[in-house]
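Colleague: Position chain S relative to chain R; hints supplied.
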Amino acid sequence: MTRDDVSDSHDHSHGDPSDAAPSALPSEPALRTKALESLLIEKGLVEPAALDAYIDYYQHRVGPQNGAKVVARAWSDPVYKAQLLANGTAAIAGMGFAGRQGEHMRVVENTPAVHNLVVCTLCSCYPWPVLGLPPGWYKSSAYRSRAVIDPRGVLAEFGLTLPAETSIRVWDSTSEMRYLVLPMRPSGTEGMSQSELARLVTRDTMIGTAVAAAPGGSAER
Amino acid sequence: MNGVHDMGGMHGFGPIAPQAGEPLFHAAWEERAFALTLAMGAWRRWTLDGARHARERIAPADYLRMSYYERWIEGLILLLTESGLVTADELASGRAQTKTRPPLAADAVVALLQRGAPTERATAASPHFRPGDAVRARNLHPVGHTRLPRYVRGKTGVIDAHYGAHVFADAHAHGPDEQPQPLYCVRFSARTLWGDAAAAQDEVCVDLWESHLEPA
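If you're matching them up, the sequences are chains R and S in order.
So the first sequence is numbered by the numbering used here: it starts at 536 and just counts up by one.
So the second sequence is numbered by the numbering used here: it starts at 481 and just counts up by one.
Hints are supplied without guarantee of correctness; some may be wrong.
[To be verified] Ranges between beta-carbon positions, derived for each pair:
#	chain 1	residue 1	chain 2	residue 2	range
1	S	541	R	622	41 to 47 angstroms
2	R	625	S	619	42 to 48 angstroms
3	R	644	S	583	39 to 45 angstroms
4	S	574	R	646	53 to 59 angstroms
5	R	700	S	601	38 to 44 angstroms
Because the hints were derived from the structure by calculation, they are not lab data.
Cβ atoms here follow ideal geometry from the backbone N, Cα and C, with glycine treated the same way.
So that you can see chain R by itself, here it is in the shape it has in the complex (with noise of 0.2 angstroms):
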């Protein structure tokens, strides 16, 4: 069904697995989702407040916020970042970030001499417990297919351009690893605490779209 095929819902020309059956639900998809969600109700399946539950824990528990504390204590205290990049899982959820699609974390760092990105280019993996869900761009067919073939041409569409001789290694997530990146502390930082540092490390620094910079300064490689 098509996305504008609101008035013939009985339209099973198009061939998607749910033209299977003669369906009474909408294919606009707000509708749709509404009446597959009265049905399921009905039927007793779920229960409102319980999808409410799913929706604020990803609203108001996990974000980037949850990855940026476990970067700024790595680059304050060099034994947890060993212990990070040895076992990512048990270093992250020592902090209390754990679970669904955070199950099995690997922490990859960047250096002067090799920049990570992460991709899902079969799905749309992403390590939710530290970065909570994937913005659009991440989940988009344009990032999917081509972070993987053109990491460079992607970059600079960020607006970052790494040095030739960098090597740039791009993850992707086809199992259930979940990958983060420990970015590079920036210069002109010295001194400042852990949660100064945590306000510089944006979502994208550890999905590996940017670098993190100095409050005022310019993104530095």
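Modeller: Okay, now just chain S, sitting in the frame of chain R:
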């Protein structure tokens, strides 16, 4: 399956278009589509791999036309009907014919999310490959679910890490049998994958299971 979801290396999708100040969900229905998919997964009638495969089975033209959460809703409808949680008559009428009770109370949701579902399994089998070994991704084209992307098939790389034995996604999409086997991170030179146009020092790392690999 050689589906359009397997996008690595394709051309023609245009520039990346990051949206400044993008909200977590773009519309209220997207929140519900997301939550419905996770909540119905709690019935354990399908696996996460099976849910991915349901979205992969959306016809290619529809897959590309649909927005992200439209795919989720289509995948969910497919899973609901194939599992029998919702009958064809109920979908046709939009009305429930039998009633049940949810497996998960609202106050149990957060604990479930924080527990997650680890896929590493204890096994006595030792891995065939060690870090540093040269391996070739096998030239497999299964019609079912696979996490072996087309762009590495037949290509030679190096074992970067052994992650232990993990539930084999390719099997687990099609039934409850986990068939755990060694999971590796394999490093491929960008030039091996894409030819001389790629930078000589760039690499792509892909997680592959032992049955995806052969010695090189």
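Colleague: Taking each numbered hint in turn, which are not upheld by the structure, reported in ascending numerical order?
Modeller: Violated: hint 2 alone.
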